[in-house]
Amino acid sequence: DAGITQSPRHKVTETGTPVTLRCHQTENHRYMYWYRQDPGHGLRLIHYSYGVKDTDKGEVSDGYSVSRSKTEDFLLTLESATSSQTSVYFCAISGGGEQYFGPGTRLTVT
Amino acid sequence: DQQVKQNSPSLSVQEGRISILNCDYTNSMFDYFLWYKKYPAEGPTFLISISSIKDKNEDGRFTVFLNKSAKHLSLHIVPSQPGDSAVYFCAATTNTGGFKTIFGAGTRLFVKA
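Line order of the protein sequences matches chains A and B. Mapped onto this note's numbering, the consecutive letters of the first sequence carry residue numbers 1 to 110. Mapped onto this note's numbering, the consecutive letters of the second sequence carry residue numbers 1 to 113.
Note that these hints are calculated values from the structure, not bench results. Note that the coordinates shown come from a computational prediction; the quantities given were computed from them, not determined experimentally. Errors might be hidden in some of the hints.
In silico BS3-like links for lysine-lysine, alpha-carbon gap of 27 angstroms or less [said to hold, decoys possible]:
| hint | chain 1 | residue 1 | chain 2 | residue 2 |
| --- | --- | --- | --- | --- |
| 1 | B | Lys37 | A | Lys57 |
| 2 | A | Lys11 | B | Lys37 |
| 3 | B | Lys100 | A | Lys57 |
| 4 | B | Lys100 | B | Lys112 |
| 5 | B | Lys5 | B | Lys112 |
| 6 | A | Lys53 | B | Lys54 |
| 7 | B | Lys56 | A | Lys57 |
My request is simple: use the sequences and hints to build the entire structure.
Put into structure tokens, the structure is as follows:
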């Protein structure tokens with residue numbers, strides 16, 4: 001299995017608070033991705049990175065920001081959490097081609 | 001605007017029979033297509049892929065077919081097994097621009113024993 005972890009695995013937070021999710025890899029892969037999974041929508045790309053400090057927006061980037069200061073870490077920040085951001089968040093890594101996914105973070109915004 | 005569509009939310013198949021999962025895409029820039037399998041409470045796992053220069057790729061019980069003119073791909077599972085029961089996601093990407101990958105909404109496969 002690819003070495004990819006996500007933290008925290010579960011989080012409950014209140015509307016309006018900032019939240020940061022962390023993705024950590026030990027594979028030295030160039031590409032990293034953040035997705036959210038919601039019923040009826042499958043996996044939707046939030047942001048992705050193609051190198052240290054190189055990031056770009058995905059399909060549903062509004063309300064989210066990312067940072068990648070090291071190859072191994074990709075952070076997803078919800079600046080001010082809203083109930084619509086309640087979801088399961090997956091990080092993925094890739095060397096180009098297929099992606100390897102982390103176990104997911106279940107975020108609940110109350 | 002969904003660039004990758006899986007129009008069947010669910011599919012039920014008898015054990016031992018063939019499962020056929022379908023996927024359509026709209027963006028002609030996609031040149032690499034993948035299928036992922038997901039069990040509950042786990043991350044998706046890569047299953048099989050196909051490049052746009054091919055029309056078929058086979059790996060054991062799994063075969064992916066690509067029809068570029070119709071912008072359609074399908075995943076065949078033969079024979080289907082109860083352990084294949086999962087959600088299957090179709091995905092499409094291009095090898096430019098950071099391999100930005102778009103997923104379909106998924107098809108839940110039930111294989112009945």
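Hints, one by one, checked against the model:
no., hint, verdict
1, B:Lys37 with A:Lys57, "25 angstroms, holds"
2, A:Lys11 with B:Lys37, "25 angstroms, holds"
3, B:Lys100 with A:Lys57, "9 angstroms, holds"
4, B:Lys100 with B:Lys112, "36 angstroms, violated"
5, B:Lys5 with B:Lys112, "25 angstroms, holds"
6, A:Lys53 with B:Lys54, "35 angstroms, violated"
7, B:Lys56 with A:Lys57, "32 angstroms, violated"
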